[in-house]
Amino acid sequence: MLGSYLIITLRNLLRHKTFTFINTLGLAVGIGSFTVLMLLVLHETTYDVQHFNSRRIFRVTQEIKKNNVGERSASLPFPVADQLKKDYPDLIAETVRFFNMQSPAIPVGYKGEYHYEKRFFFVDSTFFKVFRFYLEKGNTKTALALPNSLVISKKIARKYFGDEEPIGKKLTIMVGHEFTVTGVLEESNFRSHLEFDMLASFHSLNEMYKMPVQENWIWNPCWTYVVLHKANMKDELRKQLPFFVVKYFPDALKDFVSLNLQAINDIHLHSNLAYEISINSDIEYVHIFLGMACFLLAIASLNFINIATARSSLRTKEVLVRKIIGANKSELFWQFLFENFLISLFAILLAFVLVEISVPFLSDLSGNPLSKWITNDWNIAAWLGACGLVIGVLSSIYPAFYLANFNASKNFKSAVSFGKSGTWFRQGLVVLQFMISIFMLISTLVSYDQLRFLRQAKLGFDKEQIIVLPIAFTKILYRYDDFKKELLGCPSISSITAMETIIGREHQTHEYAMPYNPDEFTFFPSILVKHDFIKTFNIKLLAGKDFESIKIFKNDGSVYYDYPESYSTDSLTQSGAVIINQAMLKHLGYTKAQDALNQTLISHAGKERIIGVVDNFHFTSLHDTVSPFILNLAKDERRMRLVKYMAVRTQRNRTFEALEYIARTWPEFTAVPFEYFFLHENLDQLYNKEQKLSEISAIFAGIAVFIATMGMFSLTSFVVAQRRREIGIRKSLGSSASALVFLLSKDFMKLAMLSILIACPIAYLGVWTWLGHFPNHVELKLSNFLLASGVILGVTLITVSLHTLRTVLQTPVAAINQQG
Amino acid sequence: MIENTKILNLNKHNLFAPERPAIIKTVNLRKVYRSFNVETVALESINVEIKEGEFVSIMGPSGSGKSTLLNLLAMLDKPSSGSIAFMGTEVSTFSDRQMAQFRKRFLGFIFQNFNLIDELTILENVELPLQYLGLPKAERRKRAMEMMERLEVAHKKQFFPSQLSGGQQQRVAVARAVVTNPYLLLADEPTGNLDSAHGQEVMDILSKLNENGTTVILVTHSAQNAEYSQRTIHLFDGQVVTENINHVN
Ligand SMILES: Nc1ncnc2c1ncn2[C@@H]1O[C@H](COP(=O)(O)OP(=O)(O)OP(=O)(O)O)[C@@H](O)[C@H]1O
Ligand SMILES: [Mg+2]
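Protein chains in written order, with my numbering: chain B, 1 to 820; chain L, 1 to 249.
Among these hints, one or two may not hold up.
What the hints assert, rightly or not - DSS-like mimics (lysine-lysine), calculated; alpha carbons at most 27 Å apart, straight line: (1) B:K750 x L:K137; (2) B:K535 x B:K586; (3) B:K463 x B:K545; (4) B:K781 x B:K692; (5) L:K137 x B:K746; (6) B:K586 x B:K65.
Bear in mind the hints are in silico, worked out from the structure with no lab data behind them. Only a predicted model underlies this, so the values are computations on that prediction, with no experimental measurement involved.
I would like the entire structure built from these sequences, with the hints used as guidance.
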């Protein structure tokens with residue numbers, strides 16, 4: 001029985017080669033795309049699930065809010081972890097802290113040769129107890145127990161020691177601190193929001209920091225994780241946290257601080273705080289991928305149903321004859337089902353080949369490659385295979401059922417009318433396919449628009465022609481003025497400043513108080529900067545002036561820079577200077593920029609005189625709105641130690657000369673190797689997620705259009721086959737070829753227009769909602785809608801004309817006689 | 001362009017001139033059907049000449065190639081080899097566009113199996129050739145209705161072909177072919193499904209058209225119908241066996 005099904009099926013599939021091919025390919029591409037998108041979703045949603053007790057691990061976060069300014073920080077003050085464990089031993093089993101000196105990179109040296117390492121953390125010795133990472137060499141119980149111990153990844157081991165045994169080797173951290181390698185990490189395939197290459201024992205900090213940072217309840221640089229005895233103790237602990245805050249946080253803060261708990265599994269997709277330990281993804285993107293996956297699967301199934309129906313209605317005559325000579329209904333039904341089942345099987349195999357081929361080229365939103373284990377997981381393969389078969393079979397039930405069921409007692413003419421009633425159904429499917437394609441096209445176009453907007457938006461400062469040099473922990477911090485003077489000797493360099501964090505990307509928060517209320521400090525977004533900041537970044541001054549340096553020409557012709565202390569009104573050494581933005585001006589209650597000049601704020605360093613007011617500029621990414629912001633001059637040495645980057649503005653097209661000059665000068669000042677990046681490139685990376693999204697949606701919108709086009713192609717070929725006789729007759733009566741092409745395309749163009757009319761408003765709502773998530777976004781442009789519609793209309797016209805022309809150019813008799 | 005060919009010079013008034021020019025002339029016409037690697041020679045070495053204003057009938061047993069020949073003469077199909085000249089012009093040189101122009105202006109064709117368009121009503125079917133000629137709607141309606149009344153199918157004008165009997169469909173097909181008052185009419189057994197009264201009517205229409213100058217080529221099994229023609233071509237197994245001149249009525 002099965003054998004005879006197989007033979008009939010194969011003969012049938014071969015007879016309609018084009019349909020079979022389109023059907024298989026369409027379904028394969030659809031299932032393949034679905035699979036890839038689901039892998040992406042799976043990848044994004046399985047961060048940090050591997051830890052033994054992942055449901056019991058929480059990150060403690062901190063929110064400081066006062067007068068509507070402040071921060072929501074992923075990191076906490078040093079003592080919180082220990083104190084929590086001490087106070088709530090019944091709730092908390094273990095705590096771990098991560099600390100990276102608040103520096104994105106730390107200089108690491110071996111035998112006098114230094115490199116900046118980005119993924120460097122000090123961690124508590126409980127690290128290996130809490131998180132599921134293993135050591136290839138060394139003992140997890142002891143590796144981080146002693147001060148100055150260091151655990152490194154294989155990559156780092158290879159980088160510094162080559163093939164030599166890493167255990168016991170000494171590395172110099174931050175110039176001057178010797179650490180001993182006590183462990184080498186095992187490579188892990190797990191996805192975690194914790195990304196690191198080097199882990200140093202937390203105890204080391206006791207020796208490195210002479211000040212009692214461990215008792216500081218204000219500075220909050222430590223990512224702090226707690227493991228609860230039971231997952232459900234979370235609420236209990238959460239209830240205790242306000243009391244904890246009141247008990248331990250300093251008086252100035254305690255009313256404005258709140259602590260919260262974040263499940264570790266939620267961090268990657270749901271956390272968007274300041275000072276995240278790594279770049280997180282966003283649940284919204286996962287939803288978008290899920291949506292795309294469903295769309296593609298829908299499009300592929302619609303395509304499949306469409307072709308299967310078309311194919312079966314070409315066979316109404318065959319079915320009638322079979323019935324008249326006695327085939328029974330269920331037999332026919334099973335035969336058709338079997339046929340489509342077979343196509344689905346082919347399609348699934350082809351889909352897996354496609355996925356296998358494409359996966360190595362794919363990465364997630366954070367830029368991590370899709371893990372190999374996912375694609376090698378047979379459960380997933382089986383699951384998706386089953387999915388594909390279910391879709392194949394479900395999609396074929398309608399045509400099989402319809403075909404098997406139509407009434408043989410009626411005469412042959414009903415065969416024609418079946419073809420007709422099926423037309424509505426098929427046209428509906430095509431409209432749906434087109435709607436999905438248009439929706440995806442428009443979304444893609446808008447997402448590219450938004451990306452371009454984010455990259456090119458006016459930030460309020462000039463990010464071009466800026467070279468940024470990381471100088472954290474280098475001796476340059478102490479010889480900054482000399483170094484600057486030296487660099488300004490290069491004619492290609494026009495201006496130099498320095499800053500605590502990268503402008504346009506991130507900021508710090510510092511405490512300031514008003515002179516009339518000197519004891520009440522509020523946290524404001526702010527960064528420490530050096531002289532010529534406004535000049536270097538070309539920020540618009542509304543009143544006052546930059547932190548100026550004055551160029552003095554000496555008698556011998558050399559140049560000397562002086563930094564006038566004129567900012568200070570009272571005490572020369574005790575007072576500093578700040579420049580505020582317009583939002584801060586408003587926050588302070590001034591309407592005119594001029595009025596704020598020479599007013600003072602109070603910082604922990606003393607009085608800070610407002611010497612300038614600048615227009616609002618985007619000191620963080622365009623995902624945020626501009627809030628009050630303070631630029632504070634890093635005048636004394638204590639503050640200078642917090643400065644991490646130098647920014648060098650070069651003359652147009654003279655970047656290369658400038659770089660060469662800096663590279664030559666650099667070694668005279670520090671042993672740390674010279675590294676640099678361009679500010680505009682660095683800031684572009686802020687929108688990597690948007691770029692990835694745009695790329696991914698472009699690919700899958702293309703695929704959607706491709707599948708829909710194939711659906712259109714097969715529908716056309718079906719309709720043309722059905723109307724071939726009519727075409728021949730009309731031709732015999734003298735119709736011209738062009739009139740016939742028009743006659744046939746008209747109906748399809750109507751379908752395309754209908755899908756455009758329905759899809760555009762839906763797409764409008766969709767992209768409008770998406771854009772609403774951005775405080776700064778592009779206006780929706782009509783051109784995107786027109787372009788998407790144009791693509792669909794064009795594709796329809798080309799497909800249909802290609803198809804109809806073939807029949808139209810036949811002789812009338814050939815057209816009339818040919819059997820479809 | 002069609003306007004540059006001799007077709008435009010066709011003149012219905014020179015019908016009775018002593019030298020009647022050949023309207024269609026075939027030389028060594030051959031038609032082979034190929035399907036499933038089986039070759040069927042439908043026509044072989046056909047040399048016929050049909051003069052302007054003539055009424056010619058083609059007879060022969062079933063499968064002898066009558067329909068095939070008629071299709072070729074109407075340029076609805078392409079010969080495998082040999083040539084067909086229309087008014088002295090080789091047909092194979094016609095472009096697709098010229099062909100369409102030619103068909104709608106000069107040709108009427110009645111298919112053996114009617115070939116009405118299922119999706120159009122009877123009236124629309126009959127109107128169609130007039131529509132292609134670009135006639136205004138009222139004019140089209142009038143002429144189509146006149147012809148349908150003559151053939152007694154006017155009362156079915158809003159019906160679809162599938163709702164008519166075979167004979168009714170055949171009369172609609174005749175109406176559609178003659179409604180343009182074509183210059184050349186090719187009819188493939190136009191009376192096959194008709195009772196004698198209706199058959200008679202169709203034959204009268206053809207004769208009348210012929211008297212008014214239309215060249216008629218008729219395929220028929222009926223010797224009685226062949227009587228209407230001036231000349232009969234007999235086909236057998238794809239070849240012309242005899243041509244006899246009938247008495248001219
Ligand atoms: N499309 C086709 N494919 C293959 N063979 C064909 C085709 N059309 C006609 N033939 C063959 O060509 C030969 C001539 O057919 P044709 O239809 O011209 O005969 P006919 O004289 O019109 O017959 P009838 O009196 O039955 O109408 C026949 O043998 C037929 O089988
Ligand atoms: Mg015939």
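* Just pull the numbers of the violated hints for me, sorted ascending. => none
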